[in-house]
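S.K.: As a plain string of letters, each chain reads:
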Amino acid sequence: MKLLLVSKLSHTARAVNTLAKYVRVGQALGHEVAVFGEQQSEPPALPASLDVKHFDFAVFVVYMPWDFPDLPYLAQLLDGMPKDRRVIIDCCGRYNETLRVEHDFNHLEKMENHQGWEWLEGFQAVSDRILQPTLTPRRSDVRPFLFHGFDPKSVAKWYESPQEAAAAWSGAVRPYGAAYVGTNWQRWTQMRRFLEAVEPLREQLGRSCLVGWDWDKRPDWAAQLGIAGVDTDPALLKRWGVETKPAIPYDQFVEFLGQARFSPVVHRPLFNELGLVTNRTFETFCADTLPVLMVPDRYVDEVYGPAARPLAPGDDVTGRLRDMMRRPEVYWDAVLQTRAHLAREHSFERRFKELVAILEG
Amino acid sequence: MKILFVTDRRVDAGSIQAVAGYVRAGDALGHTIAVYGPPDPRFRDVRTSTEVRAFDHVVFLFESKLRWLSGLQLANLLAGVPRGRRAILDADGMANRVTGIEGYDRNHASDGERDAWLAYYERLADRIMQPTFTPAEPGIIGLPFYGYDPAARVSAPVPKQHDLLLVGHNWWRWREMSTVLLPAIERLRHRLDGVCFVGLWWDAPPPWAGSLGLGEAFQTDPERLRTLRVEVRPPVPFSEVIGTMSTGRVNLMTQRPLFRHLRFLTSKFFEIFCADTVPLVLIDPDHAEAVYGPAGRELAWDNGGADRLLDVLTRPERYRAIVEEVRAHLAAQHSYRRRVEELVGALEV
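Chains as they are written, first to last, in our numbering: chain A, 1 to 361; chain B, 362 to 710.
Derived from the structure by calculation, the hints contain no laboratory data.
None of these values were measured; they are calculated from a predicted model.
Beta carbons: idealized from backbone N, C-alpha and C, even for Gly.
Among these hints, one or two may not hold up.
To be verified - Only part of the chain A face toward chain B is listed, based on derived beta-carbon distances under 10 Å:
id: 1; residue: 8
id: 2; residue: 71
id: 3; residue: 114
id: 4; residue: 240
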């Protein structure tokens, strides 16, 4: 099968790593996979093509309005690929009625100048097959397809046993006690809660680090537009000794997190509500760190499997972190079992085959 | 016929006034004309629709900005309407080869820029129209597009606040302003009871002008305007343009040098004659006659300049009669009913 992936690539955000994996895994399985567009020399240097008619299917991976290409390219796509051979992967739940969860929305009219109806009608115009990376889509005309996956080859360090992992983890001196890599978009509430829990342990753990856009200060556009959800508190972060750094390329994510003993998995309120997964849902388990799952319990069971439950701290995050430091073997056992579960149930090979089955079905 | 206009809906600029005229005239002729999008309280008189598939033709209105539709919006429009039923109104001459006017106004900075526009247009629609009787490029359909709506005419006299008024934005206007109009105003200032410019960028250029290489397009000299006691006011919504113009005894209609060169029409050519005012139009007298009829020549600024302005102020009755003559010509030759018929004819081919 020849697949053409359509999305606007960013080397620090969104689905770039997932798309790179689809290219690699697809090729390994004997398929041809390319990204729609002109060949780029900057990383990721994925194979690119504008020859729409050469491909069997076009898979639109959509986060933002501009993931649909502009003219003349869009016309090439729509003219060159019949509607029944196009599919959309709706990564942010845009294909829903307008939803508000806390300060989070699926239709960001103030920022993006698009109303809800434009998303619905735009998607329906492009494809009859809409997939969302959740096990429980709200609309009956949407299929669940988790899209993102776990790549065992990307695991930084494989341990033979939880004892070995715990010993390595406890013994190593790391620059950070806790680190998070991701944009501060609708994450401040959860992140503040996590950092508040880390603060009493700072002397033991060391400092924390937030890597990504807009942790150091609230962007001017958010203040001008009155957008909540890009909040931060620089004075508080300073008081808590939290370092902030700009965004890093996607291929440095795993290595960077390995510099921290803990790393929270945090999703937007909207994503928690819709059960949407992201690339970080899985990638965090590739890093040599203890993931702290700040996500709903049902999500933990459904995606990570029951073995991951100890990694979800519940209401007492400080208490859980303390216990993780006191009994790391228990938690590294959870990590290793979860990795095995992810490798079985959520590998990119499995994802690719699921996608092929959807396309051929 | 059902025609859907797709336009960047701006309340104080653009072609929305014309679209409103098409909607009204279309209804009178049994056509259905609407503008794409949900209902908008700012444009109460303009029918809206998002049912792209319900329309026979879609007409995209482009001015000087190319990428104002997102990929998401385009996806819906392209997938819903075949290319053969899509058309473009190229209101600013962006389909033309690179055209520069004395090193000042221009449509494109380079051939590459023009190529990008043409590539976009070519994929969007199979026909391009321009608001001129004489398109300069082959294959382009020339139709006036903008029209005169007698129903929009101010019927009762309006109290005057200014002798001289200009309602329009400072976009490629400063060269003419500084070399022609302001010297005339300076000469007559002691005889003018109130001079006012209403529009964007007379007080200062937009902050982004320089970064886009458009500093010259928004050049201004607020100090010089202050010295001449030219009052500057912010723009008004399209629904208030005619009423605002009516507060001036004389209204100036200026055009970009590019449009003068290409003989392009704009809404302003006709709107100004709906106001209770005497227009003086800064276009070539031959072009004025071609649009307004023989009487239009008497309203061309080039035909006398400051002396013409003084004549208007001192012999208002004479010029009110000339304006009435022009209005009769416009009602006969340039109504929106005629424009709708021309557009339908162009789309049916």
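S.K.: All hints are to be evaluated individually against the structure, with a verdict given for each.
M.R.: A quick look at each hint next to the structure:
Satisfaction of the interface hint for residue 8 (chain A) is found here, the shortest Cβ-Cβ separation to chain B being roughly 9 Å, below the 10 Å cut-off. Restraint check, residue 71 (chain A) versus chain B: the minimum CB separation of about 5 Å is within 10 Å; hint holds. A least Cβ separation of about 6 Å between residue 114 (chain A) and chain B falls short of the 10 Å threshold, and the interface hint therefore holds. At about 37 Å, the closest approach between the beta carbon of residue 240 (chain A) and any beta carbon in chain B exceeds 10 Å, and the interface hint on this residue is violated.
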